[in-house]
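*Asks:* What follows is the residue order along each chain.
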Amino acid sequence: MDKKQYTNFGIWGIFILLMGFVVPVFFPAYRVILVTEAIIFSLFAISYNLLLGYAGLLSFGHAMFFGTGAYVTAIALGHIEGLPILGAVFIAILATTATGFIIGSLLLRHKGSYFALLTLAFNALFYVIATKWHSITGGDDGLSVTRPDLSLGFTTLNMSDITTFYYFTLIIVGLAILFCWYFTKTAMGRTVLLIRENEERMKFLGYNTNISRLYLFTFTGALAGFAGSFYALFFQFTSITAISIDMGTAALLMAFIGGTGTFIGPILGAFVYIFLQDFLSDFTDRWPLIMGLIFILMVLYIPGGLSGLFLSIKERLSGRRAATGQTETEGQNR
Amino acid sequence: MKQAKNILEVRNIHKDFSGLQVLTGVDFTVAENEKHAVIGPNGAGKTTLFNIITGNYKPSSGKIIFKETDVTGKPPHILTRMNMSRSFQITNVFPEMSVFENVRAGVRSRQGLRYNFLKRPERVAGINQKTEDILEQVGLTDVMSEPVSALSYGRQRALEIGITLSTEPELILLDEPTAGMTREETAEAIRMINEVTTGRTLIIIEHDMDVVFSLADTISVLHYGTILASDKPDEIRNDQKVKDAYLGEE
Chain D
12 MDKKQYTNFG
22 IWGIFILLMG
32 FVVPVFFPAY
42 RVILVTEAII
52 FSLFAISYNL
62 LLGYAGLLSF
72 GHAMFFGTGA
82 YVTAIALGHI
92 EGLPILGAVF
102 IAILATTATG
112 FIIGSLLLRH
122 KGSYFALLTL
132 AFNALFYVIA
142 TKWHSITGGD
152 DGLSVTRPDL
162 SLGFTTLNMS
172 DITTFYYFTL
182 IIVGLAILFC
192 WYFTKTAMGR
202 TVLLIRENEE
212 RMKFLGYNTN
222 ISRLYLFTFT
232 GALAGFAGSF
242 YALFFQFTSI
252 TAISIDMGTA
262 ALLMAFIGGT
272 GTFIGPILGA
282 FVYIFLQDFL
292 SDFTDRWPLI
302 MGLIFILMVL
312 YIPGGLSGLF
322 LSIKERLSGR
332 RAATGQTETE
342 GQNR
Chain Z
25 MKQAKNILEV
35 RNIHKDFSGL
45 QVLTGVDFTV
55 AENEKHAVIG
65 PNGAGKTTLF
75 NIITGNYKPS
85 SGKIIFKETD
95 VTGKPPHILT
105 RMNMSRSFQI
115 TNVFPEMSVF
125 ENVRAGVRSR
135 QGLRYNFLKR
145 PERVAGINQK
155 TEDILEQVGL
165 TDVMSEPVSA
175 LSYGRQRALE
185 IGITLSTEPE
195 LILLDEPTAG
205 MTREETAEAI
215 RMINEVTTGR
225 TLIIIEHDMD
235 VVFSLADTIS
245 VLHYGTILAS
255 DKPDEIRNDQ
265 KVKDAYLGEE
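Protein sequence lines correspond, in order, to chains D and Z. Just remember that this note's numbering sits 11 ahead of the position in the first sequence, which is counted from 1. Just remember that this note's numbering sits 24 ahead of the position in the second sequence, which is counted from 1.
Quick caveat, the hints were computed from the structure, so don't treat them as lab data. Be aware that one or more of the hints could be misleading.
Unchecked claim - When the alpha-carbon atoms are kept at most 27 Å apart in a straight line, the in silico BS3-like pairs for lysine-lysine are as follows:
| hint | chain 1 | residue 1 | chain 2 | residue 2 |
| --- | --- | --- | --- | --- |
| 1 | D | 122 | Z | 98 |
| 2 | Z | 143 | D | 196 |
| 3 | D | 196 | Z | 154 |
| 4 | Z | 29 | Z | 87 |
| 5 | D | 122 | Z | 82 |
Chain D extracted, bound-state conformation (with noise of 0.2 Å):
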C-alpha cells in the first residue's frame, strides 16, 4: 500500500520536476514570471495548508511570517554588505522561526476560533509595526530589493536573467516542498494528523498536544517566511501588502481552491489564483470580485477544491468507493 503510493507520487514528482525544467523552453518570457511566482505562492499555501488542511487550525495570520520573511530579506541585504542570495533566505527563514516560536507559544492553549481570533490580532499588530517603524520598514513606501548574484564558486548566476531567476526558484523552492511532502509522512507529520482526528486520545498516548501544535506553528511559519523572502527577490520589492491580512487570505484561497484535503491541492491552488488573477486583471481592475465569486461558489459546490474534484472523478471512473481510498482521504478535514 505505501510502497504503491510513493512510486505514484515519484511519477507525478517527476513528471511535474521535467515540466518545470521545459517552462523557459517553450514558454515567453512574461510566462515564466508569473510561474516563478505561482511557485513561491504554491509554498506559502503548503505552509498554510499543513495547519488549516493536516492540522485543522484555521489562521488568519499567515502573512505576519510572509511578511516578516519579506522584510527581514529586505532589511539585511539593505544592510549586510556582501550578504548571499542564500544567506538573506537564510537569515529571514531563522527570524520567522523564532517568530513562530515566540507567538506559537502565546496562542498554543487555543483552538478553534479563539486561534482564529488571536492570530488575526497577531497579524493586525504585524501590519502596525510594518506601517510606522519608518526608519526600518520604510512604511508606506517600502524597501526595494537588490537580487545579489549567486557566487558557485566556479561561475556566477546572473539573478536579474528571468530564466537563471526561474530555475533558482524551482530549485530552491521546490526542495523545501519536497521536504513538506516528506514532513507529511514522518513521524511528526503523522502525529499532527492523529491530534487533528482524536486529541483526547492522543494525550493518553503520552503525546503532550500543546507542544506539538507549537512545533507544528513555529514550522509552518518558518516555512511562509521562506516563501516570503523569496516573494521580496522575485518582486525586488517588499511592501506592506506582503504583511497585510490580505495575503494570508490569498493563501486561504489557494489552499481552499485547490483543496486542503491533499498535499498538491495548495501547489493547484496556488497556480489557478495566479494565472486567473493575471488572466482577469487584463480585462478589469475589479478581479478581486470575481476572484470573490469563484470562492464562494468553490465552497459551496465544491469544498474538497480542485484535487478533491479530480479525486471523485477518478474514483468513480475506476468504479472504486470513497471508502476505501483510505490513503488518499488522510489529509482530509472530514
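Starting from the structure of chain D, add chain Z where the hints point.
*Replies:* Coordinates of chain Z only, in the frame set by chain D:
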C-alpha cells in the same frame, strides 16, 4: 502470605462538579499484578474516578500515588509515559486512520518517536513489528490496513484495547470493555483481556457480574461517591452492605 507492593494508592479523593458531589472520599489500593474490578450502580462515579486517576480531571481534594510517586493533578501524557494506560467506555479511536496507524501511534510514543521531523515511523526498527504483535494479540491482523470506520463495533472495541496496550503499560485501566457486546463477543473479550493483562496490573470497570467474577481477584464497590467495600470476590459476594446496596437486586 507475602504482601505485594502497591502500584496505585487512591487516598481520600473528593470531586465535585460546581457543587454536585460525585466522589466523597474514595480510598483503595491496588497491588502489583492485581486484577481489580470497580463495580457500582450507574452514576456512582466510576468513570469520574478513572478520569481522576488518569489525569483527565483534577480532584477537588485527595491524593493519587502511582508507583510511590504523588501524581495528583499530573496531565494524562505524563502518566502515560509513566506506564499507565486506559481505555474508554465510548470507543475513542482514530476513525479515519488505518487500524495499523491507530496502534502504531502508541507504539512509537513509547519509543520516544512523537515529534520527529525527519524520521518516518516505518523506518525505525521494531515499531512495525511491535505494532503487528499487538494487533495479533487483539485479533485484528486481518484488518490492519482498513480504516477503523469500516470495522464492526465488536472489532472497534478490540482496537480500543489494542490502543490501550500499545504504550506497554504496567497499569491498565479498562472502562467497561465489554459494553454493548453480544454474549459471544463478551466471552471472547474476557479471554483476550485475561491473556493480554498477564504480568500487568488491571483495574476494570464492569457492569456484567460474570465478567467481574471471572476476571477480578479484588473487587471494590463504589456507591454514591464512596467505597462501600474492597475485598476478594467471595467476601464481596457475602458482604451484607454490598448485598443491600447493589448485589441484592440479583
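*Asks:* Hints numbered earlier in the text: which of these fail when held up against the supplied structure?
*Replies:* The structure conflicts with no hint, since it agrees with every one listed earlier.
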